[in-house]
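Numbering-wise (my numbering), the sequence shown opens with residue 3 and increments by one.
To be clear, the hints were calculated from the coordinates, so they are not data collected in a lab. Please read these numbers as outputs of a predicted model, since none were measured by experiment. Be a bit skeptical, because a hint or two may be false.
[What the hints assert, rightly or not] As a list, the in silico BS3-like pairs of lysine-lysine whose alpha-carbon atoms are at most 25 Å apart:
{"#": "1", "residue 1": "Lys211", "residue 2": "Lys101"}
{"#": "2", "residue 1": "Lys269", "residue 2": "Lys355"}
{"#": "3", "residue 1": "Lys187", "residue 2": "Lys101"}
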Amino acid sequence: MFAGFVKFTNSFSYGQLLFLNLFVLIFSIPFYFFVISASGKQNLQQVKTTLAQTVQKKEASSSATSLPTPTPTPRAIPNKLQIPDLKVNTLILPVGYDKQTGAMEVPEDAMHVGWYEYGFTPGEKGSAVMTAHYDTPTGALGIFATLAKLKENEYFYVDNDQGQQLQYQVTEVIQFPLDNYPEDKIWGEQDFSQVVLVTCSGVWNASSKLYSHRLAIFGKLVKTTQMDVDYIAAKDKETPDQFVVEPFDTQIFARDETKLDSYLKLKQEDDHYSLYLASNNQDILAINAIINVVSGQIKKENIIFGNSFASYNFIEKNENTIELSMFTDPAWKIKELVNTKDKELKIAEIYYKGELSLDTEKSAIVNK
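Put together the whole structure using the sequences plus the hints.
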């Protein structure tokens, strides 16, 4: 067969053979491209299929072994300090530092305690620092006037907005000169939860207007108790269902002209008691109302709050006393709260048929 093919090709001239070769070459090129393309598409499809199968396997494996996304625990903000041996029961306010001096700020109200909010938080490992006034420029005593009487092994308590009460035992009491501040000891990291209470001490220097020393009480966390507290926070006024009972719209009335400055007032009405606030044109941060219950019991369901508040604490201190702490949200810029010089607001209603009274000495209005 091959010999016949050779004989057949010998019958062609050189020019005819050249033409024949060119003809075969021209028509073979598209054929080869077709074959290669078809093969390439087939291989590509196989690669895509394999890749898809691999991804599906990995996703199935990942979903089978993945853990749920953890929900971060909100920071527990301290809001009350109690020192039973000194009869101290006061609000804790978050404070920062003076940008000019670098010193920790102290609440303007000498009866309140400041907690440095950029440091450690009570309850976590580290040293949380709180400070308050020993006295005022007028000579009146501050909330920490008797702090030096607190001794080692005695206790103080810090409540927070998560309904916890943290019990601290005093481990050390030191007094140091103002120019020899033990910064690392007070502010340094610890492998346990420590709270340091700081106030002025020593001798008053009239020229510098400073006390010569500082007093520091060091306390170590020994116990955490979940109190019978109902803490409910509303993120905005569009979510009133976060309160036990839907808040009512804040009601405005004429101010009681017989009272001076800012005040809280509890008034008995038809089937309930109403709690009123007159801020005297002050910007309110928090309100702490101590109410005495003569008989019976009050539950959180018996209380309706006004919608000027972002959150509240309800504490049944004992069978004869309840405590209501209400906190505003500065971002709301509630006009009624910051401009009530000649007005008073109804801020809460307590549905109770027995006798109630407001402890005005222990209750407090906290301004900015």
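Each hint tested on the structure:
Restraint check for Lys211 and Lys101: satisfied, since their Cα atoms lie roughly 19 Å apart, inside the 25 Å limit. Distance hint between Lys269 and Lys355 is fulfilled; the C-alpha atoms sit about 13 Å from each other, no more than 25 Å. A hinted pair counts as satisfied when its Cα atoms are at most 25 Å apart, and Lys187 with Lys101 qualifies at roughly 23 Å.
No hint from the list above goes unmet by this structure.
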